[in-house]
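Turn these sequences into a full structure, and let the hints steer you where they fit.
Those sequence lines, one after another, are chains R and Z.
Residue numbering for the first sequence follows this note's numbering, starting at 14 and increasing by one per position.
Residue numbering for the second sequence follows this note's numbering, starting at 4 and increasing by one per position.
Read the hints as simulated data drawn from the structure, not as lab findings.
C-beta: ideal position from N, C-alpha, C; glycine also.
Just so you know, not all the hints are guaranteed correct.
Simulated crosslink set (DSS-like; lysine-lysine; CA at most 25 angstroms straight-line) [claimed, not checked]:
#1 R/K198 - Z/K148
#2 Z/K244 - R/K320
#3 Z/K19 - R/K286
#4 R/K88 - R/K232
#5 R/K88 - R/K224
#6 R/K320 - Z/K234
#7 Z/K234 - R/K286
#8 Z/K35 - Z/K198
#9 R/K293 - Z/K244
#10 Z/K19 - R/K293
#11 Z/K19 - Z/K53
#12 Z/K234 - R/K88
#13 R/K95 - Z/K219
#14 Z/K105 - R/K88
#15 R/K293 - Z/K234
#16 R/K286 - Z/K35
#17 R/K324 - Z/K219
#18 R/K286 - R/K232
#19 Z/K219 - R/K232
#20 Z/K219 - Z/K53
#21 Z/K228 - R/K286
#22 Z/K244 - R/K324
#23 R/K69 - R/K224
#24 R/K232 - Z/K234
A partial selection of chain Z residues facing chain R, derived with a Cβ cut-off under 10 angstroms [stated by the list, open to error]:
#25 P24
#26 D25
#27 Q121
#28 T130
#29 Q132
#30 L151
#31 E153
#32 T168
#33 K172
#34 A175
#35 L210
#36 V212
#37 A214
#38 P216
#39 V238
#40 A249
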Amino acid sequence: MSILVLAEHDNATLKPATLHAVAAAQAIGGEIDILVAGQGCGAVAQAAAKIAGVNKVLVADDAAYAHPVAEDLAKLIVPLAKSHSHLLAPATTFGKNVMPRVAALLDVAQISDISGVVSPDTFRRLIYAGNAIATVQSIDPVKIVTVRATSFPLAKDSGGNAAVETISAAGTDGLARYVGSEIAKSERPELTSARVVVSGGRGMQSGENFKLLESLADKLGAAVGASRAAVDAGFVPNDFQVGQTGKIVAPELYIAVGISGAIQHLAGMKDSKVIVAINKDEEAPIFQIADYGLVGDLFQIVPALDKALAKPGGN
Amino acid sequence: MKVLVAVKRVIDFNVKIRVKPDGTGVETANVKMSMNPFDEIAVEAAVRLKEAGKAAEIIAVSMGPQSCQETIRTSLAMGADRGIHVLSDAELQPLAVAKLLKAIVAKEQPQLVILGKQAIDDDCNQTGQMLAALLGWAQGTFASKLVLGEGSADVTREIDGGLETVALKLPAVVTTDLRLNEPRYASLPNIMKAKKKPIEQTTPEALGVDAGPRLKTLKIEEPQKRQGGRKLASVEELVDKLRNEARVI
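Encoded structure:
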């Protein structure tokens, strides 16, 4: 077996989601290659070559891949299925966009967002917002798989010494063109890989009030997230959304503030190690899954918590 | 131009699903069914294009058992002009749905196909991308904004780091994210009018498509339940527990 993992990166650094996908590849077993498609992405290729247990890094360095569109990436990936039994990508918006296109061009199914590997052709995945686990077996010759990052550890990013091989670009059909992007800049850790996440919901009442959570997050080295209700209300941008169709997170500590706990929100965070809920409604469903709940006015509790955390802790 | 929208009948998003004790699936008998929420956004997007004079006709397509006609009727009540129902009592996986949609696109020649980005039952997030691939069309997935131009469409996409805009050549496939629009409720007069709108019925066989599954579902089980529900009295107690019991801060 030979597995190709599609690397997610920004031409400068490899995204951690890639390392989770490599861990899934290791669980499947076999030779692992990594595909880096970008422009001026040499540093990413070098980082990929250092991942422990990687056999080969394929690099397609071309202007077409500076901000690649799915149409062009799929063209590059499809021929590589000839030499690989599995094509894996992180189940991020990047992987979710391109991999089904690859699968359809190969006339095979995709196994989306796997949470476990049973055998090289059998996988576990969550359905119905994480309220059921399906075990599915692929009968296709090539397995196209996207990987839920929170279900797999980070592969070791050092100790490897893979060969880096340049492959040629596959050209473009000119179907789609990248126009631009608005990427949020933040000094805080990334939501999907943060050790602590502080999330706010409709109960925050305004975007301005998220400053309370930001202050708390900074004391904890945490990322700030939100429920769909808070994003829909315009309090915070879309990339804050934690849930079934937003980001899936599983930090050591998840603090849900003013979040009632709709099924689709729980789907995005219920694998967190410790969950704290702060809500004025003691019947809110979030309390049923929270390890520690505080019932009360978040506008009193959050500042008090912020103050308490500012004091040195006694471990 | 014609716009095709694909709509799926799913268990209503408010229903807490139950896994069947024999592990073969999820209980669907006597469970409230609705249109997949992302597909409602797709229908709304199409209706707004028609209201803006940019779309001439909207065709709503659904696939599955006879009851899918209810979902098509909902689309017609929201403003779609006619429906196509691909009747199948067998499970249809995303690749099969994409192939069936491709066959319908070949007949109807729409310039734009709009689908929800993901169905909330199987959570696959595949069909739109697969359809675009099979048609050799551009894809604008996870759209939060759609602007039609002459022979092209600008789609703003919700991505992990923020937003990205792509320019697509038409015809194209667009899949909807939550912030594209807020779907309307159908008014009673429109619900009545929808009863008179035509729904054509066809089958995978009639469309000449092999719709067989590629993934075998071996079992469905319930995830482990979290032991939650413990309430604390004060912020001090919470900080103490986090430091000394859970040891996460």
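### Message
Output the indices of the hints that this structure fails to meet, ascending.
### Response
Numbers 4, 5, 11, 12, 16, 17, 19, 20, 23, 25, 26, 30, 31, 35, 36 and 37, in rising order.
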